[in-house]
Structure formats: structure tokens, C-alpha cells
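One line per chain: the protein sequences are A and B, in this order. First residue of the first sequence? That's 829 in our numbering, and the numbers climb one at a time after it. First residue of the second sequence? That's 5 in our numbering, and the numbers climb one at a time after it.
Hints are computed from structural coordinates only; laboratory data are not their basis. From the three backbone atoms N, C-alpha and C, an ideal C-beta is built for every residue, glycine too. Accuracy of the hints is not assured; some may be wrong.
[To be verified] A few chain A residues facing chain B, derived, Cβ under 7 Å:
| no. | residue |
| --- | --- |
| 1 | 834 |
| 2 | 835 |
| 3 | 837 |
| 4 | 852 |
| 5 | 858 |
| 6 | 883 |
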Amino acid sequence: MQSSRATEVVTGAFVLFGFAALFFLVTQITNKELGIGSNDGYTLVANFENVGSLKVGAPVSMSGVTVGRVESISYDQDLYKAVVRIRINSKFNRIPNDSDASIMTAGLLGGQYIGVTAGGADQFFKDGGQFVIVQDALVLENLINKLAAGFAGNKTDSTGD
Amino acid sequence: MYNTFKQMLLDAVAGFGAVALFLLRIFGQLPSALLRPRLIASQIHNAGALSLVIIMICGLFVGMVLGLQGYDMLERFGSESALGSAAALALVKELGPVVAALLFAGRAGTALASEIGLMRATDQLVAMEIMAVDPFRYVVAPRFIGGVVALPLLTMIFIAIGIFGVQLIGVQQLGVDQGTFWSQMRGSVEVEDVMQGLIKGCVFGVACSLIAVYEGYTAAPTAEGVGRATTRTVVNSAVITLILDYMITAVML
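Go ahead and model the full structure; you've got the sequences and the hints to work with.
Written out as C-alpha cells, the structure reads:
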């Protein structure tokens with residue numbers, strides 16, 4: 829039973845590799861931070877009433893082109909609103925500061941992303957800038973409620989007439 | 005007819021009993037085997053490090069196929085952004101542990117069974133017994149431990165490479181957004197899911213290693229007997245792995 833130095837090195841490398849894979853699986857594919865986009869770019873803030881199922885790392889797009897990522901989502905207890913921090917790629921440094929941010933859904937069951945529509949101001953967003961006009965995530969239940977209420981309203985109107 | 009059936013049933017029960025007693029004998033030698041880390045290290049090398057290449061290649065291609073098939077299927081519902089979570093969950097909970105165990109049985113299990121079987125056929129095990137050296141301590145237990153340690157590690161490597169393969173096809177080739185891919189995956193995969201994959205890997209490691217050393221040790225001391233032991237190792241490992249997989253999934257889901 830000769831166990832040479834090479835065997836030991838290969839075995840050690842294999843064991844370390846296995847544990848590295850386990851570490852990767854636990855930290856990278858479960859809920860944990862991953863530096864997407866690194867430090868390149870600048871941060872903007874948007875306060876939403878409801879972010880729906882928006883997730884950290886979701887894309888931020890303008891006219892369908894990805895310009896940044898959602899960096900963090902937190903809850904502000906003073907405003908009673910969700911605070912979404914967005915990291916925009918430094919290439920896109922001329923976004924008018926009256927642009928609006930809305931949470932949209934890709935496809936019927938797809939993931940949610942933030943769509944930014946350019947405004948008309950000649951001042952541009954700087955690091956730490958805040959979106960004034962925002963549109964919340966579409967909550968299906970609210971929409972159905974509204975629709976149902978609308979139908980009920982119409983019915984009473986028609987009977988009233 | 006009735007007698008043959010009874011005989012088969014008795015044989016099956018006796019088989020399980022023999023394997024269980026065999027496992028107990030290995031457990032009896034575990035403490036003294038663990039005192040010889042070099043012996044175990046060389047067996048981890050045999051069972052694990054030498055299986056690394058096949059595990060990595062198969063993991064990559066299983067992941068790539070999962071990327072193609074998953075994308076094609078999810079695209080029909082317009083939800084290809086869920087590719088990350090669907091593929092990762094499939095790999096972590098099912099495909100990773102099971103395929104890694106089947107490959108392990110084919111690559112390392114057969115090697116173990118034929119090695120011990122040849123030791124039996126060439127009277128090496130008998131020679132050890134005559135010298136008052138317990139073959140369980142020097143031959144069987146280190147190989148068993150090596151397999152038990154190696155398979156969970158191989159499973160984790162398989163899954164990690166598989167996710168890389170999914171990413172390669174889904175993100176780089178088919179154009180699923182990278183942020184969506186990873187954020188959806190991270191949103192749906194829990195640490196418990198990874199632990200379930202790890203537990204499956206450990207259980208399959210015990211089962212496959214036990215079957216391999218048992219079949220090798222009890223092989224008929226002929227060339228034919230060694231060949232038959234090798235075949236039985238692969239067949240029994242595959243069947244037991246899939247049965248255990250169902251049981252663990254049913255319990256842990």
C-alpha cells in the first residue's frame with residue numbers, strides 16, 4: 829500500500845474541490861449577495877408602495893435595453909414604503925431626472941424587472957438620485973378587485989337609469 | 005412452483021441479512037481503520053479523485069441538456085426567466101445525487117468489487133487471515149470509508165458543474181438575462197435543498213460502497229465469479245440508488 833506524495837496532493841485537491849463546490853452551492857445559488865455589476869456605475873433610489881416579487885439582481889431596462897441591476901430592496905418604516913436601490917451602468921449617465929420607474933413583469937409568469945421611461949428634463953440623474961414618479965408592481969388580486977368593483981358599479985348605474 | 009417461490013423469498017431475505025451483518029463487521033473495524041488516514045486517503049484518491057473527470061464531463065453535459073430542454077419547455081409558457089430556478093432545483097435535489105451515484109457505481113464501484121474479488125480469487129484475503137491480519141481492517145473498511153467520503157463530494161462537484169452548464173446554454177447561448185437567471189435561482193433555492201442533495205449523496209455513498217465491497221468480498225474465487233460480482237455491483241447499486249432516492253424524497257419533500 830504505497831501512498832506517494834502525488835497521490836496525497838491529488839486527493840487533497842479533490843477534497844478541497846468538493847468542499848469548494850459545496851460552498852459555491854450554499855452561498856451562490858441560494859439567497860445570498862453576489863456582486864453583479866461590481867462598483868462600476870452609480871446608484872439611484874426609488875420608493876415603491878409595493879414591489880411585488882421583484883428580486884435583488886433583477887434587470888433595470890430603458891426601452892427594453894438593460895441599463896442596470898436592482899442592488900438592494902429594503903423597507904422604510906418611516907415612509908411605509910419599499911426602498912429599491914438600483915445600480916445603473918456608468919455608460920448610461922444621461923437619464924433625465926424626471927424619468928419614471930415602474931415595476932413590470934416579463935411574460936405571463938416571468939420574473940419582474942424595473943422599466944425606466946425617460947422624462948423630458950435637461951437635468952440628469954446623479955449618484956444617489958431619486959425617482960419621483962414611480963409605478964408599483966401590478967398585484968393581480970387588486971386588479972381583479974378593481975375590475976369586479978367596476979362591473980358592480982356599471983350594473984348599479986344601468987339599473988339606476 | 006410454491007417451493008421455488010419460497011426459496012427465492014428466503015434467498016432475498018438472507019441476502020439482506022448477509023449485507024447487514026457485513027455492514028456491522030465493517031462498523032466494528034471503523035475505529036481501527038480511521039487510525040490509518042493514509043490508507044483511507046489513498047482510497048479516497050481511488051474512488052474520488054480518479055472519478056473526477058467523468059463526473060465533471062457528465063455534469064457539464066447534463067447541465068447543458070437541462071438548459072436546452074428547460075428553455076424549450078419554459079418558453080412555451082413564456083416563462084424562460086424561470087430557467088435558473090427550475091434547472092438548479094432539478095440538479096440539486098434529483099439529477100445531481102442520482103446521476104453522480106450511478107456514475108460512481110460504474111466507475112468506482114466496479115473497480116472496488118473487481119479489486120477485492122481478485123484478492124479473493126488469488127487467495128490474498130486468505131493469506132491475510134492466516135497471518136492473523138483482519139482483511140476487514142486493511143482491505144474492506146478503508147475502501148468503504150473512501151467511497152462514503154468521495155461520493156458526497158463528487159455529487160457537489162457534479163451539481164456545481166451542471167449549473168455552470170445550464171448557465172452556459174441558457175444565458176450565453178439562448179439569451180436568458182443573466183441577472184434574472186441568478187436572482188430567480190437564488191430566490192427559489194433554499195439551503196435546505198442543497199442539504200437534501202448532500203444527504204442523498206451521503207446515503208447513496210454508503211449504499212454504493214457497501215454493495216461494491218460486499219459483492220467483491222463474497223465473489224466466487226474464479227475469473228467468472230469476479231466478472232459476475234462486477235456486474236452485480238452495477239445492477240444492484242443502480243436499483244438500490246433509485247429505490248432509496250424515492251424513499252428519501254418521499255420523507256424529505
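Taking the hints in turn, this is what the structure says about them:
no. : hint : verdict
1   : 834  : violated, 9 Å
2   : 835  : holds, 5 Å
3   : 837  : violated, 10 Å
4   : 852  : holds, 5 Å
5   : 858  : holds, 5 Å
6   : 883  : holds, 4 Å
The earlier numbered hints that this structure contradicts are 1 and 3.
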